[in-house]
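Asks: Now for the letters of each chain:
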Amino acid sequence: MNHPALNRDDILAMARQIGLSLPSSYEDELVSAYGHVHAMLARLPRARARGDEPAHSFHPNSFLPTKE
Amino acid sequence: MAGDLHFLTIAQAAARIAARQLSPVELTEAYLTRIVALDHRLDSFVTLTADRARATARMAEAEIMRNGPRGTLHGIPYCLKDIFDTKGIRTTANSKLLADNVPDEDGFCQARLAEAGGILLGKTGTWEFAHGGPSWDVLFPPARNPWNPDHTPGGSSSGSGAAVAAGFAPATLGSDTGGSIRGPAALCGLAGLKPTYGRVSRRGVIPNSFSHDHVGPLAWTCEDVAILMGVVAGHDPHDPGSVDLTVPDYRAALTGGVNGLVIGVPWEWLENELPLSPPTRAAFDAALAVYRDLGATIRPVTLPPLRKYEDSKKIIAMVELFAIHGADLRSRPELFGASLRYRIIAGGLIRAEDYVHAIRLRSDLARAMQATMATVDVLMLPTSEPAGRLEPVPPESLFTHMSFMTAFNVGGNPALSLCNGFNDSGLPFSLQIVGSLFDEATVLRVGHSYEQATPWRQRRPALTRAR
Numbered sequence: 529m530n531h532p533a534l535n536r537d538d539i540l541a542m543a544r545q546i547g548l549s550l551p552s553s554y555e556d557e558l559v560s561a562y563g564h565v566h567a568m569l570a571r572l573p574r575a576r577a578r579g580d581e582p583a584h585s586f587h588p589n590s591f592l593p594t595k596e
Numbered sequence: 003m004a005g006d007l008h009f010l011t012i013a014q015a016a017a018r019i020a021a022r023q024l025s026p027v028e029l030t031e032a033y034l035t036r037i038v039a040l041d042h043r044l045d046s047f048v049t050l051t052a053d054r055a056r057a058t059a060r061m062a063e064a065e066i067m068r069n070g071p072r073g074t075l076h077g078i079p080y081c082l083k084d085i086f087d088t089k090g091i092r093t094t095a096n097s098k099l100l101a102d103n104v105p106d107e108d109g110f111c112q113a114r115l116a117e118a119g120g121i122l123l124g125k126t127g128t129w130e131f132a133h134g135g136p137s138w139d140v141l142f143p144p145a146r147n148p149w150n151p152d153h154t155p156g157g158s159s160s161g162s163g164a165a166v167a168a169g170f171a172p173a174t175l176g177s178d179t180g181g182s183i184r185g186p187a188a189l190c191g192l193a194g195l196k197p198t199y200g201r202v203s204r205r206g207v208i209p210n211s212f213s214h215d216h217v218g219p220l221a222w223t224c225e226d227v228a229i230l231m232g233v234v235a236g237h238d239p240h241d242p243g244s245v246d247l248t249v250p251d252y253r254a255a256l257t258g259g260v261n262g263l264v265i266g267v268p269w270e271w272l273e274n275e276l277p278l279s280p281p282t283r284a285a286f287d288a289a290l291a292v293y294r295d296l297g298a299t300i301r302p303v304t305l306p307p308l309r310k311y312e313d314s315k316k317i318i319a320m321v322e323l324f325a326i327h328g329a330d331l332r333s334r335p336e337l338f339g340a341s342l343r344y345r346i347i348a349g350g351l352i353r354a355e356d357y358v359h360a361i362r363l364r365s366d367l368a369r370a371m372q373a374t375m376a377t378v379d380v381l382m383l384p385t386s387e388p389a390g391r392l393e394p395v396p397p398e399s400l401f402t403h404m405s406f407m408t409a410f411n412v413g414g415n416p417a418l419s420l421c422n423g424f425n426d427s428g429l430p431f432s433l434q435i436v437g438s439l440f441d442e443a444t445v446l447r448v449g450h451s452y453e454q455a456t457p458w459r460q461r462r463p464a465l466t467r468a469r
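Top to bottom, those sequences are chains F and D. Numbered by the working numbering, the letters in the first sequence go through residues 529 to 596 in order. Numbered by the working numbering, the letters in the second sequence go through residues 3 to 469 in order.
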């Protein structure tokens with residue numbers, strides 16, 4: 529699935545769902561900024577093998593207790 | 003010579019201190035006097051810790067007279083970007099949200115610098131949370147460029163770059179998530195190193211994007227950067243990204259030159275994707291000619307498009323930034339500067355699936371980067387165009403702008419910016435040298451060789467133009 533384009537109402541509804549109850553003066557900012565985010569998301573390659581490992585970084589040794 | 007103390011390099015000042023020809027008290031006073039006299043033109047410092055610096059200098063002087071210096075940095079003043087935690091000293095990230103934030107502990111790097119005997123002069127200006135700027139609606143005004151105060155010193159380590167170039171301190175540390183060490187180094191005519199991801203601890207540095215944040219030094223010369231790396235590089239078990247590898251003697255590794263070295267140039271980026279201006283291209287060609295004369299071979303290399311590196315980094319960073327700032331965006335969005343708010347506010351709308359696709363893309367890009375690095379000793383390209391005027395930039399520029407720096411945050415490779423001349427307006431050109439993972443030593447050696455072969459380290463900003 530390509531990344532779906534959202535209209536202004538969709539964007540503001542999503543913002544409310546994540547607890548962003550913005551003053552109206554900031555709503556234009558959010559809608560404008562999301563337009564640029566959408567352009568980046570639309571360019572992301574999505575056809576991936578199931579096992580295609582992302583560049584996450586969990587190294588369990590990093591969380592061992594340390595001697596002070 | 004007293005009038006020239008502020009332009010001594012770390013190496014020069016340390017040699018004089020070790021020979022007991024220069025007191026840390028005298029050196030510290032020279033910087034403090036200059037800051038008080040001239041920083042109103044640049045706004046590079048946001049907090050000056052003069053009394054503490056004088057007290058530390060007196061202690062250093064006494065210890066050095068008694069036992070000699072502990073190391074090269076003993077008795078050397080420095081400043082820190084205002085996102086580095088400093089115990090008992092306000093650390094604001096240039097945000098109204100942290101206007102009264104006074105850390106209880108030093109961060110890793112500040113602790114290392116203090117332990118080495120450095121003298122903290124104060125905290126320097128940053129873009130808000132090292133991400134949004136330049137801004138005029140945050141805690142402090144943006145810093146200005148010492149080569150021309152009408153121009154930007156770059157960001158986000160703006161004050162750090164301006165302060166060292168102006169002769170307010172010989173050493174500083176910055177942070178670099180997409181170019182925030184190398185950009186100010188480039189625009190201010192300094193040497194600035196983004197080390198390999200994990201080489202220098204980020205503990206006690208206010209985060210921007212955890213997975214792309216790097217900490218590193220800015221100074222006048224590559225030799226000084228090598229000295230600072232010798233102090234701050236090393237494993238920190240309290241930083242999950244820190245890597246436990248032997249730290250070489252970077253300063254000792256500066257010798258040897260570049261004869262036989264293979265330098266790769268990503269011409270596709272420079273000629274088609276983000277074409278250089280003719281003056282910057284000419285300065286870059288001249289730098290390559292210097293390396294040819296020194297015995298290096300120049301070879302074209304191909305990397306994935308810059309745009310892919312930018313997309314991957316920005317999507318990941320926006321998610322991480324929203325996780326860091328989401329609570330404040332929900333409860334008090336008006337306390338953010340407009341620039342930063344615009345750059346992070348939509349991060350909460352990025353789906354988890356898209357975030358994973360972005361870090362999958364990062365895997366592809368990092369592999370491609372390391373495969374290319376395996377064919378050369380270093381990559382070379384300009385860091386950026388010379389400094390533009392200091393003026394508000396459209397907030398959407400974060401999304402539309404591309405740079406030659408971000409790709410190396412994505413790959414994690416060490417990347418050094420240094421000065422390779424000046425344009426017709428007297429503003430510095432910049433050269434970026436990129437190495438294989440954890441091979442900062444080669445990067446610094448390549449930079450040092452260039453500095454030794456060219457006259458650019460002899461010129462300093464005059465700081466005569468009033469604002």
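Source of the hints: derived by calculation from the structure; they are not laboratory data. Just so it is clear, CB atoms sit at the ideal spot from N, CA and C, and this is done for glycine as well. Accuracy of the hints is not assured; some may be wrong.
FRET-style restraints, in silico, Cβ to Cβ [claimed, not checked]:
id, chain 1, residue 1, chain 2, residue 2, range
1, D, Leu290, F, Gly579, 38 to 46 Å
2, D, His403, F, Ala541, 39 to 47 Å
3, D, Val358, F, Asn535, 22 to 30 Å
Only some residues are given here: those of chain F computed to face chain D with a beta carbon under 7 Å [stated by the list, open to error]:
id, residue
4, Leu540
5, Arg544
6, Gln545
7, Ile546
8, Leu572
Asks: For each hint, tell me whether it holds in the structure or not.
Replies: Results of checking the hints against the structure:
1. Leu290/D with Gly579/F: 38 to 46 Å: holds, 42 Å
2. His403/D with Ala541/F: 39 to 47 Å: Since His403/D and Ala541/F have Cβ atoms about 30 Å apart, the given range 39 to 47 Å is violated.
3. Val358/D with Asn535/F: 22 to 30 Å: holds, 25 Å
4. Leu540: violated, 10 Å
5. Arg544: Check failed: Cβ of Arg544/F comes no nearer than 11 Å to chain D, outside 7 Å.
6. Gln545: Since chain D brings no Cβ nearer than about 9 Å to Gln545/F, farther than 7 Å, the hint is violated.
7. Ile546: Check passed: Cβ of Ile546/F comes within 5 Å of chain D, closer than 7 Å.
8. Leu572: Result: holds, 5 Å to nearest chain D Cβ.
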